[in-house]
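Asker: Residue-level listing of the chains:
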Amino acid sequence: MIHDFNYLKPGSLKEALSMLAEHKDECKVICGGQSLLIVMRQGMVTPEYLLDIKHLEELNYISFDAKDGLKLGATTTHREIEKSDVIAKNYPVLVAMENKLASIQTRNWGTIGGNLAHADPAGDPGPVLIALKGSVKVGSASEERVFPLDEFFVDYFATQKNDDELILEIQVPVPEPKTGTAYQKFNLLDSDMGIVASAVSVTLNNDGTCKDARIVLGNAGPVPIRVKRAEELLVGKKYDEALFAEAGKIASEDCEPVADIHASEAQRRHVAGVYTKRMLKKAWEQAMA
Amino acid sequence: MEKRLLKLSVNGEKYEVYINPKTLLVEVIRDHLGFTGTKRGCETVSCGACTVNIGDMSVKSCSVLAVQVEGLNVTTAEGLEKDGKLSDVQVAFLDQGAYQCGFCTSGMLMSATALLKENEGKTLTEHQIREGIEGNICRCTGYNSIVRAIDAVAQGKYKEA
Chain A
1 MIHDFNYLKP
11 GSLKEALSML
21 AEHKDECKVI
31 CGGQSLLIVM
41 RQGMVTPEYL
51 LDIKHLEELN
61 YISFDAKDGL
71 KLGATTTHRE
81 IEKSDVIAKN
91 YPVLVAMENK
101 LASIQTRNWG
111 TIGGNLAHAD
121 PAGDPGPVLI
131 ALKGSVKVGS
141 ASEERVFPLD
151 EFFVDYFATQ
161 KNDDELILEI
171 QVPVPEPKTG
181 TAYQKFNLLD
191 SDMGIVASAV
201 SVTLNNDGTC
211 KDARIVLGNA
221 GPVPIRVKRA
231 EELLVGKKYD
241 EALFAEAGKI
251 ASEDCEPVAD
261 IHASEAQRRH
271 VAGVYTKRML
281 KKAWEQAMA
Chain B
290 MEKRLLKLSV
300 NGEKYEVYIN
310 PKTLLVEVIR
320 DHLGFTGTKR
330 GCETVSCGAC
340 TVNIGDMSVK
350 SCSVLAVQVE
360 GLNVTTAEGL
370 EKDGKLSDVQ
380 VAFLDQGAYQ
390 CGFCTSGMLM
400 SATALLKENE
410 GKTLTEHQIR
420 EGIEGNICRC
430 TGYNSIVRAI
440 DAVAQGKYKE
450 A
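Sequence order for the protein chains is A and B.
Taken in order, the first sequence gives residues 1 to 289; the numbers are from our numbering.
Taken in order, the second sequence gives residues 290 to 450; the numbers are from our numbering.
Some clues are possibly wrong.
[Unchecked claim] As a list, the in silico DSS-like pairs of lysine-lysine whose alpha-carbon atoms are at most 30 Å apart:
#: 1; chain 1: B; residue 1: Lys303; chain 2: B; residue 2: Lys371
#: 2; chain 1: B; residue 1: Lys311; chain 2: A; residue 2: Lys14
#: 3; chain 1: B; residue 1: Lys411; chain 2: A; residue 2: Lys100
#: 4; chain 1: A; residue 1: Lys24; chain 2: B; residue 2: Lys311
#: 5; chain 1: A; residue 1: Lys100; chain 2: A; residue 2: Lys282
#: 6; chain 1: A; residue 1: Lys238; chain 2: A; residue 2: Lys89
#: 7; chain 1: A; residue 1: Lys24; chain 2: A; residue 2: Lys9
#: 8; chain 1: A; residue 1: Lys14; chain 2: A; residue 2: Lys100
#: 9; chain 1: B; residue 1: Lys448; chain 2: A; residue 2: Lys83
#: 10; chain 1: B; residue 1: Lys292; chain 2: A; residue 2: Lys14
#: 11; chain 1: A; residue 1: Lys28; chain 2: B; residue 2: Lys406
#: 12; chain 1: A; residue 1: Lys67; chain 2: A; residue 2: Lys211
#: 13; chain 1: A; residue 1: Lys9; chain 2: B; residue 2: Lys296
#: 14; chain 1: B; residue 1: Lys296; chain 2: A; residue 2: Lys89
#: 15; chain 1: B; residue 1: Lys292; chain 2: A; residue 2: Lys9
#: 16; chain 1: A; residue 1: Lys83; chain 2: B; residue 2: Lys446
#: 17; chain 1: A; residue 1: Lys67; chain 2: A; residue 2: Lys237
#: 18; chain 1: A; residue 1: Lys228; chain 2: A; residue 2: Lys249
#: 19; chain 1: A; residue 1: Lys24; chain 2: B; residue 2: Lys292
#: 20; chain 1: A; residue 1: Lys28; chain 2: B; residue 2: Lys296
#: 21; chain 1: B; residue 1: Lys311; chain 2: A; residue 2: Lys9
#: 22; chain 1: A; residue 1: Lys100; chain 2: B; residue 2: Lys406
#: 23; chain 1: B; residue 1: Lys296; chain 2: A; residue 2: Lys14
#: 24; chain 1: B; residue 1: Lys406; chain 2: A; residue 2: Lys83
#: 25; chain 1: B; residue 1: Lys411; chain 2: A; residue 2: Lys89
#: 26; chain 1: A; residue 1: Lys71; chain 2: A; residue 2: Lys282
#: 27; chain 1: B; residue 1: Lys303; chain 2: A; residue 2: Lys9
#: 28; chain 1: A; residue 1: Lys28; chain 2: B; residue 2: Lys292
#: 29; chain 1: B; residue 1: Lys411; chain 2: A; residue 2: Lys83
[Stated by the list, open to error] Pairwise CB distance ranges, derived in the manner of DEER restraints:
#: 30; chain 1: A; residue 1: Met1; chain 2: B; residue 2: Lys296; range: 19 to 29 Å
#: 31; chain 1: A; residue 1: Glu256; chain 2: B; residue 2: Leu361; range: 36 to 46 Å
#: 32; chain 1: B; residue 1: Tyr304; chain 2: A; residue 2: Lys89; range: 34 to 44 Å
#: 33; chain 1: B; residue 1: Gly323; chain 2: A; residue 2: Gln42; range: 25 to 35 Å
#: 34; chain 1: A; residue 1: Met1; chain 2: B; residue 2: Gly323; range: 15 to 25 Å
No lab work stands behind these hints, which were simulated from the structure alone.
The beta-carbon is built from N, C-alpha and C at its ideal position, and this holds for glycine as well.
Construct the complete structure from the given sequences, taking the supplied hints into account.
Answerer: Structure follows, in structure tokens:
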């Protein structure tokens with residue numbers, strides 16, 4: 001049962017931020033509500049005030065330029081990202097990730113900002129955006145702050161965003177040349193949440209050695225986990241399937257997955273390792289192409 | 290809790306309801322307006338039996354706050370029929386036997402309608418059709434008859450005269 005709340009509908013972003021400044025932790029923000037309404041219905045989240053930003057068109061945009069990269073307004077829906085030509089051209093892994101996120105109906109109404117703010121450890125965008133070196137801009141009535149996404153998630157369902165702040169924008173830099181990024185999540189039904197997932201990005205030097213890599217696991221801990229030990233292993237090395245297997249093994253070790261109804265801890269570790277190995281190969285081959 | 294006036298358009302008609310702002314769209318559709326074609330199957334955004342279309346877009350009405358559809362056009366399964374004539378998707382479902390118990394059917398019709406509208410004029414592979422109904426669970430048919438029905442419409446076999 002959803003508990004009663006006072007419904008606030010700001011007419012503008014400015015008004016939304018001033019309402020948040022007034023009500024702070026008594027206020028929860030709703031956009032598409034595809035995650036929030038579930039927990040509210042279970043009585044787990046019972047705010048005094050609900051601030052509805054779904055209709056704030058100021059925050060609904062997808063813009064790209066060859067210098068500053070991609071900027072996504074927080075209320076952009078998953079479906080808009082999935083169907084965006086400019087994103088398909090420059091960040092195809094984002095389209096692939098969105099295509100597997102929940103189901104069409106949820107993607108039609110749910111938003112990228114809402115997903116990141118909810119910070120479900122099984123969330124798909126987090127690991128992929130971290131692999132893409134993305135950042136998130138949050139703002140209050142008085143200031144704006146930008147966090148690289150790998151510093152944004154703090155714990156289960158908790159981020160660096162304060163109670164008087166809104167996520168405003170997601171920023172993804174232009175990928176360096178010779179970069180490949182791949183993502184796979186493990187689930188039994190296509191529309192299910194990921195049981196565990198791996199997002200990998202590889203940038204190569206001109207001689208084909210690895211310049212830089214990011215390996216990010218989803219649902220293998222309370223927040224997306226960058227497997228830095230595996231990333232460091234790859235720098236300076238050439239394409240080598242044994243290397244990918246070793247990186248996968250490190251990934252399976254350097255995470256803290258839970259055991260639940262969907263999988264044991266051991267299975268999550270195992271699949272995290274296997275998917276890391278596969279996505280490394282895929283990303284590397286993309287980078288070479 | 291003070292009720293709030295919601296003005297919305299459902300199946301082409303304008304309605305005004307006074308609701309607690311926590312009211313979900315499925316509750317307004319079924320309990321306030323009496324369109325019981327839309328079903329509550331799971332209430333956890335999983336099954337899709339509550340699917341309705343907002344504009345040309347399918348959504349799960351069990352997870353949309355009703356107040357968010359202010360000024361928008363909602364279509365339920367009841368709204369697919371025009372002037373006593375069933376839509377091409379509805380005729381195809383009947384023809385192909387794309388239902389058994391009928392509980393998922395309203396939601397399936399809405400997802401199918403949205404999928405076909407989005408892909409008007411394009412060919413749809415079987416995979417694309419199956420992906421297009423990924424948000425709707427059917428426990429009876431095994432989906433094949435539903436996919437056949439949608440495919441037939443996509444191929445123009447039920448073009449409305």
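Asker: Compare the structure with each hint and give your call.
Answerer: Quick rundown of the hints versus the structure:
no.: 1; hint: B:Lys303 with B:Lys371; verdict: 16 Å, holds
no.: 2; hint: B:Lys311 with A:Lys14; verdict: 24 Å, holds
no.: 3; hint: B:Lys411 with A:Lys100; verdict: 22 Å, holds
no.: 4; hint: A:Lys24 with B:Lys311; verdict: 20 Å, holds
no.: 5; hint: A:Lys100 with A:Lys282; verdict: 18 Å, holds
no.: 6; hint: A:Lys238 with A:Lys89; verdict: 27 Å, holds
no.: 7; hint: A:Lys24 with A:Lys9; verdict: 15 Å, holds
no.: 8; hint: A:Lys14 with A:Lys100; verdict: 34 Å, violated
no.: 9; hint: B:Lys448 with A:Lys83; verdict: 27 Å, holds
no.: 10; hint: B:Lys292 with A:Lys14; verdict: 26 Å, holds
no.: 11; hint: A:Lys28 with B:Lys406; verdict: 35 Å, violated
no.: 12; hint: A:Lys67 with A:Lys211; verdict: 21 Å, holds
no.: 13; hint: A:Lys9 with B:Lys296; verdict: 15 Å, holds
no.: 14; hint: B:Lys296 with A:Lys89; verdict: 40 Å, violated
no.: 15; hint: B:Lys292 with A:Lys9; verdict: 14 Å, holds
no.: 16; hint: A:Lys83 with B:Lys446; verdict: 28 Å, holds
no.: 17; hint: A:Lys67 with A:Lys237; verdict: 29 Å, holds
no.: 18; hint: A:Lys228 with A:Lys249; verdict: 13 Å, holds
no.: 19; hint: A:Lys24 with B:Lys292; verdict: 24 Å, holds
no.: 20; hint: A:Lys28 with B:Lys296; verdict: 24 Å, holds
no.: 21; hint: B:Lys311 with A:Lys9; verdict: 13 Å, holds
no.: 22; hint: A:Lys100 with B:Lys406; verdict: 21 Å, holds
no.: 23; hint: B:Lys296 with A:Lys14; verdict: 25 Å, holds
no.: 24; hint: B:Lys406 with A:Lys83; verdict: 15 Å, holds
no.: 25; hint: B:Lys411 with A:Lys89; verdict: 21 Å, holds
no.: 26; hint: A:Lys71 with A:Lys282; verdict: 26 Å, holds
no.: 27; hint: B:Lys303 with A:Lys9; verdict: 22 Å, holds
no.: 28; hint: A:Lys28 with B:Lys292; verdict: 20 Å, holds
no.: 29; hint: B:Lys411 with A:Lys83; verdict: 16 Å, holds
no.: 30; hint: A:Met1 with B:Lys296: 19 to 29 Å; verdict: 26 Å, holds
no.: 31; hint: A:Glu256 with B:Leu361: 36 to 46 Å; verdict: 43 Å, holds
no.: 32; hint: B:Tyr304 with A:Lys89: 34 to 44 Å; verdict: 43 Å, holds
no.: 33; hint: B:Gly323 with A:Gln42: 25 to 35 Å; verdict: 28 Å, holds
no.: 34; hint: A:Met1 with B:Gly323: 15 to 25 Å; verdict: 23 Å, holds
Against the hints set out earlier in the document, violations occur for numbers 8, 11 and 14.
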